[in-house]
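Student: Read off the chains here:
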Amino acid sequence: MTRYAMIMDTRRCIGCHSCTVACKVNNELPVDMIYNPVYTEGPNGVFPNLHMTFYPLICMHCENPPCVGCCPTGASQQSDDGIVWVDSRKCIGCKACIQACPYRARQSNRKTGTVQKCDFCKDRVREGLEPFCVETCHQRARFFGDLADPKDAALALLNCTHSVQLLPELNTNPQVYYIISAGDEG
Amino acid sequence: MRERHNWGWPIACYLFLGGLGGGMIIVSGLADLILMKGELFCLGGLVGGIAIAVGSSLLVFELGRPLQFWRVFSTQRAIMTIGAWMLSLAIFTSFAYFSFWPGFFPWRDFTTLRHLFAGANAVLGFGVCLYTGILLGSLRARTFWNTPILPVLFLVSALSTGIAAQSLLSGMWPAGLTHDRVVGLQALDPVLVIFEVTILFIYVLMMRFSSTSLAARVAQRWLTGSRKWQFWGLVTVGLFAPVVLYVLHSDAVPSLAQALILLGGLVLRFLIVYADDRTELPGEGEYYARLPEPEAPFLTAWE
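Chains A and B are the protein sequences, given in the same order.
Using our numbering, you'd call the opening residue of the first sequence number 675 and step up by one each time.
Using our numbering, you'd call the opening residue of the second sequence number 233 and step up by one each time.
In short, the hints are calculated from the structure, not lab data.
From the three backbone atoms N, C-alpha and C, an ideal C-beta is built for every residue, glycine too.
Hints may be right or wrong, so weigh each one.
What the hints assert, rightly or not - Quick list of simulated restraints, FRET-style, between CB atoms:
1. A:Asn723 to B:Arg236: 35 to 41 Å
2. A:Arg763 to B:Leu480: 58 to 64 Å
3. A:Ser762 to B:Val415: 51 to 57 Å
4. B:Arg449 to A:Arg763: 36 to 42 Å
5. A:Arg763 to B:Pro406: 46 to 52 Å
6. A:Asn718 to B:Ala521: 16 to 22 Å
7. B:Ser445 to A:Glu801: 42 to 48 Å
8. B:Thr444 to A:Arg763: 27 to 33 Å
9. B:Pro406 to A:Asn845: 51 to 57 Å
10. A:Pro824 to B:Ser320: 32 to 38 Å
11. B:Ser445 to A:Gly719: 18 to 24 Å
12. A:Val705 to B:Thr430: 48 to 54 Å
13. B:Phe530 to A:Gly802: 35 to 41 Å
Unchecked claim - Listed next, the in silico EDC-like pairs over lysine to aspartate or glutamate satisfying Cα-Cα at most 20 Å (straight line):
14. A:Lys698 to B:Glu516
15. A:Lys769 to B:Glu294
16. A:Lys785 to A:Glu843
17. A:Lys769 to A:Asp793
18. A:Lys785 to B:Glu294
19. A:Lys785 to B:Glu527
20. A:Lys785 to B:Glu525
Produce the entire structure from the sequences given, and follow the hints as far as they go.
Tutor: Structure, rendered in structure tokens:
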């Protein structure tokens, strides 16, 4: 079994938005579509004790994805390796999955009428390459790996740091983990 | 770039028309099976079928790829697929049921077959009224919808609008046919509307005191914020006024109570569809506020 996951080290992320650009250019996304935004939280605190955190967002490739069960055509689906993706040939553009996604990971393509989303660059990772966003990250703030593999470096990192998932209360079990520095939690 | 409402006015109108048509064919089906007075409400089979058909075409029109709509009938177990099957079958059974009444089809005297279609209408109508609330309520991301009370509200509203429409139609065709059963049905309508007010009251109140700040904000928007005219207009004109008119037996303006109930049902669906707020992630609002709208001239110039 394979369980692909991504780990974002917010201690290392400097908010340069290189991943946004790498994703958009290499996946040839329409000009108004972003799979990979980087949100800025803060600055919080009172001078001189300030902090600011960057959250790179992508599809969380949830273990329990709300966007798959609601799809009436089977276009929105989850592979055995955990990757959630959309078969655009089957998509009719009902937007039920956009309504179901708590993470704003899905967008409607205004030209084709279908829904598009991050697919962990599935064609690359199945050839052993890394997703474009991970490859381009010069701060090494993003790690891609297989959590089902006991020898995987990403799993080791996850096990020895304090990480959080986004909106875990929605019972989606997102497979993108955020390593946060003490003080940023919550 | 704001997050747009993914589902807009076509969906709101569909939710209204689907509920209306579903309620009407429940009434016509049960009137035939239980009251043995099918002819009183048979026109509802036709009008209810048309309402469901128009609502379903709005759904298709709203799709990103309308010509691919047939794919919803694939073998998935999604709520939307079940709903699409029920809508299509309900359109067929309601028209088939009505075809027994005009008297020029050769099968007009097969009463058992007609009762079969009446039963199918009642069951499918119930399904059509109920599934939309379950569909919206199952979306975990939309806090204001993700409650068990939403399907109940939709069901009661569908029944009250269906009965209101049936009592508007009564006596139109076959012409001049009136009966105390119609009066009995009209007595049921204010009871349902009082149920509906109660459910709406509980819904908004519980959301106002929800543990999620987002749901509380949406409830506040209905009660005192930007949607207050719609919400209080619905409560006073669309729900309380018809009950008062029914209780007073006011005939000053004929059919006003029923028309107001229909209007209230439509406004309720618009309020709900536009309450699709999602909890924002940290920094999300600021990020998208800096992005241009997709129609910005410098973006469309590339196309």
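Student: For each hint, tell me whether it holds in the structure or not.
Tutor: Hint by hint, here is what the structure shows:
1. A:Asn723 to B:Arg236: 35 to 41 Å: 39 Å, holds
2. A:Arg763 to B:Leu480: 58 to 64 Å: Given a distance of about 59 Å, which is inside 58 to 64 Å, the answer is holds.
3. A:Ser762 to B:Val415: 51 to 57 Å: With a Cβ separation near 56 Å, Ser762 of chain A and Val415 of chain B satisfy 51 to 57 Å, so the hint holds.
4. B:Arg449 to A:Arg763: 36 to 42 Å: Distance hint for Arg449 of chain B, Arg763 of chain A holds at roughly 39 Å.
5. A:Arg763 to B:Pro406: 46 to 52 Å: About 51 Å separates the Cβ atoms of Arg763 of chain A and Pro406 of chain B, which means 46 to 52 Å holds.
6. A:Asn718 to B:Ala521: 16 to 22 Å: Holds - the Cβ-Cβ distance for Asn718 of chain A and Ala521 of chain B, about 18 Å, lies within 16 to 22 Å.
7. B:Ser445 to A:Glu801: 42 to 48 Å: With a Cβ separation near 45 Å, Ser445 of chain B and Glu801 of chain A satisfy 42 to 48 Å, so the hint holds.
8. B:Thr444 to A:Arg763: 27 to 33 Å: 37 Å, violated
9. B:Pro406 to A:Asn845: 51 to 57 Å: The hint (51 to 57 Å, Cβ to Cβ) holds, given that Pro406 of chain B and Asn845 of chain A are roughly 55 Å apart.
10. A:Pro824 to B:Ser320: 32 to 38 Å: Once the Cβ atoms are compared, 51 Å apart, the range 32 to 38 Å for Ser320 of chain B and Pro824 of chain A is violated.
11. B:Ser445 to A:Gly719: 18 to 24 Å: Because 22 Å falls inside the window, the suggested range holds.
12. A:Val705 to B:Thr430: 48 to 54 Å: 50 Å, holds
13. B:Phe530 to A:Gly802: 35 to 41 Å: Holds: the Cβ-Cβ distance is about 40 Å, inside 35 to 41 Å.
14. A:Lys698 to B:Glu516: 19 Å, holds
15. A:Lys769 to B:Glu294: Measuring from Cα to Cα gives roughly 10 Å; hence the hint holds.
16. A:Lys785 to A:Glu843: 35 Å, violated
17. A:Lys769 to A:Asp793: Roughly 17 Å separates the two Cα atoms, so the pair holds.
18. A:Lys785 to B:Glu294: 14 Å, holds
19. A:Lys785 to B:Glu527: With a Cα-Cα distance of about 13 Å, the restraint between Lys785 of chain A and Glu527 of chain B holds, given a limit of 20 Å.
20. A:Lys785 to B:Glu525: 16 Å, holds
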